[in-house]
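Read off the chains here:
There are 2 protein chains.
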Amino acid sequence: MDSGQVKRRRGRPPKSGEIGATREALIRAGVVAFAERGYSSIGLEELLGSVGVPKGSFYYHFASKEAFGLEVIEAYTAYFTRKLDVWFSDDSVLPLERIRNFAEDAQAGMARYDYNRGCVIGNLAQEMGALPDTFRERLTEVFADWERRLSSVLSAALARGDIGPDSDCDELAAFFWVGWEGAVLRAKLERSGRPLELFARTFLAQLCRHQRP
Amino acid sequence: MDSGQVKRRRGRPPKSGEIGATREALIRAGVVAFAERGYSSIGLEELLGSVGVPKGSFYYHFASKEAFGLEVIEAYTAYFTRKLDVWFSDDSVLPLERIRNFAEDAQAGMARYDYNRGCVIGNLAQEMGALPDTFRERLTEVFADWERRLSSVLSAALARGDIGPDSDCDELAAFFWVGWEGAVLRAKLERSGRPLELFARTFLAQLCRHQRP
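First to last, the protein sequences are chains A and B.
First residue of the first sequence? That's 0 in numbering that gives the first Met the number 0, and the numbers climb one at a time after it.
First residue of the second sequence? That's 0 in numbering that gives the first Met the number 0, and the numbers climb one at a time after it.
Hints may be right or wrong, so weigh each one.
Claimed, not checked - So these bits of chain B aren't anywhere near chain A, every CB distance computed over 12 angstroms: (1) G55; (2) A77; (3) P94; (4) G121; (5) A124; (6) A158; (7) G181; (8) L195; (9) R208.
To be verified - Across the chosen pairs, the derived CB separations fall in these ranges: (10) A:S151 - B:R200: 14 to 24 angstroms; (11) A:F79 - B:R148: 41 to 51 angstroms; (12) B:R200 - A:Y112: 28 to 38 angstroms; (13) A:S154 - B:A20: 58 to 68 angstroms.
No lab work stands behind these hints: they were computed from the structure.
All figures in this text were calculated on a predicted structure; none of them were measured in a lab.
All C-beta atoms in this analysis are idealised placements derived from N, C-alpha and C, irrespective of residue type, glycine included.
Using the sequences provided together with the hints, build the complete structure.
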C-alpha cells in the first residue's frame with residue numbers, strides 16, 4: 000500500500016453483490032489499522048489478507064490509497080461523533096458530568112483493546128508530514144467540529160454557574176481536544192487509562208475551582 | 000529497515016577513523032527522521048542515502064534497527080533535556096515565566112522546520128503498538144524525568160505563592176506533559192504554533208487564577 004496513484008478497476012472483477020460487503024469490510028479493517036498504527040506503515044497486502052479479500056481487488060473498490068484513507072477518516076468520524084452525541088447530549092446529568100462520562104467511556108474503550116487502539120484522527124495528525132494534503136483539511140475540520148460540540152456543553156455549564164463567569168468556552172474546548180490527543184497517545188504508551196483519567200480530572204477540577212463563590 | 004534481527008559487521012568494513020563520524024551522522028539523521036515521521040515508516044536505504052553512507056554498512060554500526068532506535072532516543076533525550084535545563088533553571092525570571100519561555104522556544108523550534116518536526120518521544124509513543132517493548136520502558140522513563148523537572152519549577156512557584164496553595168505540583172506536571180504532546184501533534188497538523196501557544200497559555204492562566212488572594 001505504498002502507492003497513492005490512481006489505479007481503477009484493476010484485478011478480478013468481484014461477483015455482483017459482494018462489492019458493497021467487501022468495501023465495508025475493507026473500511027472497517029482500515030479503521031482498526033489506522034487506530035492501531037496510523038496510515039503510513041499499513042501494508043495493502045496485510046489489510047486485504049485480514050479481511051480475506053484477494054490481492055489485486057483493492058483498486059476495484061478504491062481509486063487510490065488516499066481515497067481509501069479519506070473514507071476511513073469519514074467512517075471513524077461518523078462513529079466517534081455518534082459517541083460524542085450520546086454523552087454530550089445526555090440531559091439526565093449535569094454538563095460537566097457529561098464530559099466526565101465521555102472520558103470514562105473512552106478509557107473503557109481503550110482498555111477493551113488493551114490500549115492498542117488510539118484515535119484515528121490523532122494518529123493521522125501525528126503523521127501529517129507524510130500524508131496527502133487532503134487529509135490535513137479534513138482532520139482540521141473534524142477537530143473544529145469536536146470543539147464546537149464540547150464548547151456547547153461548556154456553555155451549558157457556564158449558564159448554570161458551574162464554571163467561572165469569565166470562562167471562554169471556545170478556548171477551553173480547543174484546549175481540551177489539544178490535550179486529549181496527548182492523553183490518548185500516553186495511554187497507548189503506558190498501556191493504561193491513567194493519562195486519560197488524569198487529563199479529564201485535572202481539566203474539570205481546574206474549571207470547577209472557578210465556580211462563582 | 001524492516002528487520003529487527005541482530006546482524007553484526009555485515010558489509011564493507013569502514014576505514015578506521017570514519018566509524019565514529021558515520022555512526023554520529025546516522026544517529027543525527029535518525030533524530031530528524033523520527034521527529035518528522037516516527038520509527039515504523041522509516042526505510043533504512045533512505046536513511047543511509049540521506050547521509051551518503053553505502054548500503055549495507057548500517058549493520059556494521061548498529062546491531063539492529065531496535066538498537067539504533069534506542070540510540071536515537073538517547074540522543075534526542077540528551078538534546079531535549081539540555082533545552083529544558085536552560086529554560087527551567089533560568090533563575091533570572093520567575094518560575095512560571097520559565098515555563099512560558101520554554102513553550103515559546105518550542106514554538107520557534109517547530110516554526111523553524113515549518114512544523115514538520117515534532118517530538119521524537121511523542122511520535123514513538125504514538126506508534127507504541129508497533130514498537131519493541133524496550134522502547135516503552137525508556138520512553139516512560141523519559142516522560143517521568145521531564146515531569147520531575149517541571150514539578151520542581153512548579154514547586155518554586157508554589158513556594159512563592161504564585162499558584163494556589165493546594166496545587167499538586169507532580170500531578171500538574173504530569174498533566175502538562177500529557178497535554179503538551181497533544182499540542183505538538185496538533186501543531187504538525189495545523190502547520191502553526193497556535194496549539195502550543197494555546198496549551199501553554201491556558202495551562203498557566205488556570206494556575207495563576209489559583210493565586211493566593
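**OP:** May I ask which of the numbered hints given earlier this structure violates, with the numbers listed in increasing order?
**Re:** 4, 5, 7, 8, 9 and 11
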